[in-house]
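Protein chains: 2
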Amino acid sequence: MAVYTHLGAEELAALIAHYDVGELVSAKGIAEGVSNSNWLIETTGSASSGDRFILTMYERRIELTDLPYFLGLLDHLSAKGCPVPRTIHDRNGAAFRMLDGKAVALIEFLPGVSPTQPTPEQARAVGWTLAQMHLASGDFGMGRANTMGFGENLAVLEACGKAGLASINPELPATVDAARAAAALELSALPQAQIHADLFPDNVLMLGDQVTGMIDFYFACTGAMALDLATTHAAWSFDSNNAYDAAVGTALLEGYEELRTLSSEERALLPEIAKGACLRFVASRAEDWLDTPDDALVTRKDPMQFVSRWHFYDKAGAKLFAS
Amino acid sequence: MAVYTHLGAEELAALIAHYDVGELVSAKGIAEGVSNSNWLIETTGSASSGDRFILTMYERRIELTDLPYFLGLLDHLSAKGCPVPRTIHDRNGAAFRMLDGKAVALIEFLPGVSPTQPTPEQARAVGWTLAQMHLASGDFGMGRANTMGFGENLAVLEACGKAGLASINPELPATVDAARAAAALELSALPQAQIHADLFPDNVLMLGDQVTGMIDFYFACTGAMALDLATTHAAWSFDSNNAYDAAVGTALLEGYEELRTLSSEERALLPEIAKGACLRFVASRAEDWLDTPDDALVTRKDPMQFVSRWHFYDKAGAKLFAS
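Order-wise, the sequence lines are chains H and Y.
The opening position of the first sequence corresponds to residue 1155 in my numbering, with each subsequent residue numbered one higher.
The opening position of the second sequence corresponds to residue 1155 in my numbering, with each subsequent residue numbered one higher.
Hints are computed from structural coordinates only; laboratory data are not their basis.
Worth double-checking, as some hints may not be accurate.
Any copy, or any two copies together, can satisfy a pair, since identical chains are not distinguished.
[To be verified] Derived lysine to any residue pairs resembling SDA-like cross-links, with alpha carbons at most 25 angstroms apart:
| hint | residue 1 | residue 2 |
| --- | --- | --- |
| 1 | K1256 | Q1271 |
| 2 | K1455 | G1162 |
| 3 | K1316 | L1413 |
| 4 | K1455 | A1163 |
| 5 | K1455 | L1161 |
| 6 | K1455 | D1254 |
| 7 | K1316 | Y1372 |
Generate coordinates for the entire structure from the input sequences, incorporating the hints supplied.
Next comes the structure, spelled out in structure tokens:
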């Protein structure tokens, strides 16, 4: 949540001039994105462009060679009618430009706000939109390996070390064995697509029960659709006390299956995949926790939130996802 | 530059419902304000309201008892045609509301971007608009004492201590004596108005050479108009190498005097007032510097920038502002 780079009005105006979007009218640095700087930009607009945009500057974590995939996927899905922002290309057709040695992209602004406590109807719409995205990605010409797969999660937890994990919480070292079991799961035989892989409520814009935007595709990759669904389920279906909300979880699945029916193999594996998805957030949060000094101004996310969700899926087992 | 408080979509929608502005469409936390949290809000709008707003939550430094002055001044100046954002009042007519124990206000959104390297024509427009504001404030019914006056600056520097100041830069302890001289200046006999008192380029929105907004009135107070002009001059007239830009400084003064001619007493005191204005930023930056750990993520502003400007005004003397 930060703007890492200061861009002056003159620099922004010069950048905007490379796009057919009219003149700069307003620019506000916005507090979104953990590895990017973002500005909400307003221009006088052009016939083809609209007049509001998100300008993203890629600060870290993003490989430049991945940008054509991320931005191309947005354009592909948007053209297919999915509620994702399209990339605005510059006058030479480029999807991103370099500025002060960093890549920047101009992306369509979409209305909507992110729900904090999703209702079942909102979850149903999100499930439906996730399936829509999976199906629409079928003829996308590019692919990208998942860099946050179950094997990587295991490696992250092992690198934290059992002592390091125990220093956060005595229950955490046991997650290494759980992550080893998840890493042994074979997902490549399940139906594949381009997946969002990080569809938390923060990354969904809604107006009432309507999804107006899926955003922040910077973990998107080629992978099992069931992994995306399980990740979304783990991210959406727990209330502010971290208790499972069955109405929300069920509606999410039903919404998804309105467009795409799960195979029996996917359904059978969903509990184990959901446990693996929980461990991804345990791993990344534990790593961040150990990397962040106790007295830093940054709020650390508690890895135990997803340990608790792992236990929920472990206990609930197959009956949770039974059709 | 931060959003200190998280407000969920549901909380924001409930807050917005207290105003006649339509339904919430979008909300982005913006990276502006050092003592407030701010959101750029879009709604479906109403006949009287427009559809974009800045929602400000007052986090610290602001006294609640000062809010009627700050917000009332915005409304007064806006009604007089000054380019300042008006306050949107709630359905009961209140200019601010309390949320989670903090005051929040909904303020008109204005277009424009803040210049980083102002041109003379931009400075002329800012000078003109500052005079417009001073004249328009004449019949405003409220007043507020300056809490950052020359006496307070001296107290801040004395509290830093000569050793503390020397730890930042060996030249800084000498500013205590300079601040003592400034504190002895008598400004109360000069023409008074409601003044902005912090009109840095950051706090001015422009489209080309037109001022579209003066914002961030949270240092506004009753005081000498010459103090506001000198502060603005010290904030605008130096280039990126901290060298005086005579064309910008002259244009600012000329623009001001197109609307309001300085008295001979004001003109004679301007160099000393400008030196005092510089010391205000030396004092606040030195205090922040000593309060901020060396390894904090926050960028500290260098007090020496305004020590250098103090020397400029000291050396230039009366001839700088001679008519």
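ask   = Of the hints given before, which are not true for this structure?
value = Hints 3 and 7 contradicted; others consistent.
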